[in-house]
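Following the hints, position chain B against chain A.
Number of protein chains: 2
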Amino acid sequence: MYFPRKIELIEVGPRDGLQNEPIAIPTSSKKELIRHLAEAGFRRMETAAFVSPKWVPQMADAEEISKYCHELGITYLALTPNLMALERAIAAKAPQIAVFVGASSAFNQKNVNKTTEQSLVECEEMFALAKQNGMFIRAYVSMAFSCPYQGEVTLEEVRRVCDRFVQLGADEIDIGDTNGFANPKMAYERFSRLKDWYPDTVFVGHFHDTRKMALANTLAAMQAGIEKFDSSIGGLGGCPFSPGAAGNLATEDISLMLSELGVNTGVHLEKVKQTVPLARSLSSRF
Amino acid sequence: MYFPRKIELIEVGPRDGLQNEPIAIPTSSKKELIRHLAEAGFRRMETAAFVSPKWVPQMADAEEISKYCHELGITYLALTPNLMALERAIAAKAPQIAVFVGASSAFNQKNVNKTTEQSLVECEEMFALAKQNGMFIRAYVSMAFSCPYQGEVTLEEVRRVCDRFVQLGADEIDIGDTNGFANPKMAYERFSRLKDWYPDTVFVGHFHDTRKMALANTLAAMQAGIEKFDSSIGGLGGCPFSPGAAGNLATEDISLMLSELGVNTGVHLEKVKQTVPLARSLSSRF
Numbered sequence: 000m001y002f003p004r005k006i007e008l009i010e011v012g013p014r015d016g017l018q019n020e021p022i023a024i025p026t027s028s029k030k031e032l033i034r035h036l037a038e039a040g041f042r043r044m045e046t047a048a049f050v051s052p053k054w055v056p057q058m059a060d061a062e063e064i065s066k067y068c069h070e071l072g073i074t075y076l077a078l079t080p081n082l083m084a085l086e087r088a089i090a091a092k093a094p095q096i097a098v099f100v101g102a103s104s105a106f107n108q109k110n111v112n113k114t115t116e117q118s119l120v121e122c123e124e125m126f127a128l129a130k131q132n133g134m135f136i137r138a139y140v141s142m143a144f145s146c147p148y149q150g151e152v153t154l155e156e157v158r159r160v161c162d163r164f165v166q167l168g169a170d171e172i173d174i175g176d177t178n179g180f181a182n183p184k185m186a187y188e189r190f191s192r193l194k195d196w197y198p199d200t201v202f203v204g205h206f207h208d209t210r211k212m213a214l215a216n217t218l219a220a221m222q223a224g225i226e227k228f229d230s231s232i233g234g235l236g237g238c239p240f241s242p243g244a245a246g247n248l249a250t251e252d253i254s255l256m257l258s259e260l261g262v263n264t265g266v267h268l269e270k271v272k273q274t275v276p277l278a279r280s281l282s283s284r285f
Numbered sequence: 000m001y002f003p004r005k006i007e008l009i010e011v012g013p014r015d016g017l018q019n020e021p022i023a024i025p026t027s028s029k030k031e032l033i034r035h036l037a038e039a040g041f042r043r044m045e046t047a048a049f050v051s052p053k054w055v056p057q058m059a060d061a062e063e064i065s066k067y068c069h070e071l072g073i074t075y076l077a078l079t080p081n082l083m084a085l086e087r088a089i090a091a092k093a094p095q096i097a098v099f100v101g102a103s104s105a106f107n108q109k110n111v112n113k114t115t116e117q118s119l120v121e122c123e124e125m126f127a128l129a130k131q132n133g134m135f136i137r138a139y140v141s142m143a144f145s146c147p148y149q150g151e152v153t154l155e156e157v158r159r160v161c162d163r164f165v166q167l168g169a170d171e172i173d174i175g176d177t178n179g180f181a182n183p184k185m186a187y188e189r190f191s192r193l194k195d196w197y198p199d200t201v202f203v204g205h206f207h208d209t210r211k212m213a214l215a216n217t218l219a220a221m222q223a224g225i226e227k228f229d230s231s232i233g234g235l236g237g238c239p240f241s242p243g244a245a246g247n248l249a250t251e252d253i254s255l256m257l258s259e260l261g262v263n264t265g266v267h268l269e270k271v272k273q274t275v276p277l278a279r280s281l282s283s284r285f
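Protein chains in written order, with my numbering: chain A, 0 to 285; chain B, 0 to 285.
So that you can see chain A by itself, here it is in the shape it has in the complex:
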């Protein structure tokens, strides 16, 4: 088995984790969470989404959170699902943006009311504008293993999206197990093929712990050479079905495993653990 010397963990709790919370979260609490995570060693976090406050009230403070990240001196990712969002991100001087396209057209249609192809066309203009502004571009392939509307998503569907992301010059491509249906064999095989097809592309693994397989999937993706993974403090987010159910891969779980595997993540394990109660206090799920 292969245990790399170093892995980058990207914390996504403040955005991905909190975005769908039904209860209002004070901006000051989010800032406190981000500060604790920065102190725990995360140099890169997904902290904001420039989405309509009407649809996603939890992210209405994107500008203020951006400003705070600049003050803290951390590199943050801001989700920009469309051109209008990108313009706000540019105004806020976000260093990195994240765009997403569903590998499953059924999901993409339900999620943003566009086919996968329509979303990819929209990416062209966004990528060009982001590049003009010197932004780093993370491109998410959502539902890259399975989709609640169509069941299994084929690797060909994932490839179709990756092809375009690579052509458009994405700086990293994040393969999302958005609904937690990956298994270690799929993770190993898909990441191995993607690495074969796109040897110069940086891939990120994004697993959900819905079926308790997130750590096993991480281990499998590592065997395929993946060295960047997303996680969410306290396991926030991930559309879990019931209170206490697992959502996103929890930062404290992957940090602990990687630490014991002798993999350097730059993350301070004790500080991560200490941040869990704060993270969970912001969520209606705990």
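Everything labelled a hint here was simulated from the structure, so no lab data went into it.
There are no misleading hints in this set.
Label pairs and their in silico Cβ distance ranges:
#1 A:Val55 with B:Ser280: 37 to 45 Å
#2 B:Ala23 with A:Lys194: 53 to 61 Å
#3 A:Lys194 with B:Gln117: 51 to 59 Å
#4 B:Asn132 with A:Pro276: 53 to 61 Å
#5 B:Glu269 with A:Asp195: 35 to 43 Å
#6 A:Gly72 with B:Val55: 53 to 61 Å
#7 A:Lys194 with B:Arg192: 23 to 31 Å
#8 B:Arg34 with A:Lys53: 50 to 58 Å
#9 B:Arg192 with A:Leu277: 36 to 44 Å
#10 A:Lys194 with B:Lys194: 23 to 31 Å
Ideal Cβ placement from N, Cα and C applies to all residues, glycine included.
Only chain B this time, still in chain A's reference frame:
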């Protein structure tokens, strides 16, 4: 990565899972659980312990459970911690026995008030008697990764116990992560070394999910060539610290993962899932 075609899952819930329950469990409920598990496809289960009813009241019905297993026609394992227990197992015509020795002497002393060496000496007579009676012998190495009293347990300590078990003719050696402190690197490395040292010995992996690593550890042990694993329906047992906390690796979790990896276990996934509520209803933890 290596995904074997076939793996044997040994269900340990009825014994290992229920042994330490503080509430009384009716024998009829245990029988029902065993019957459901047999119907789910388990051909081999650990169902009884011939221990003193004074110390372990939950296992007072060992004779009756043995009789029931014979009626059902399943191959069952009975825990026999000492000669007196073995004699009861012989009288009950148990086809397979399980003995255990702690790799950590500190643990062994606390658990059975003997040093590891004293326990190994006692095994000599037990193994001989079991063999005279045509019994299959499972030999557990408890605390084979870590121990609550001494911290990390070295591979040399594990080897010392394995050496004797092999000399004495154990039919399989079960490497127990009794307190859930293994990680995938340890699992891979320890099982790889053990397979090198004892190429003709059958090893079993026994993981606890205390730190959510049980599936990742299973995957790692599989890479080292291990093809037998214990699990407990509903995650029963495993000395968890708090209500709802994970204990033994749950049968439903490993069954699901192995099924998705294309590994044949002979286990009926839906029937396993259906048995979980019954299993949990017998435990004070759920």
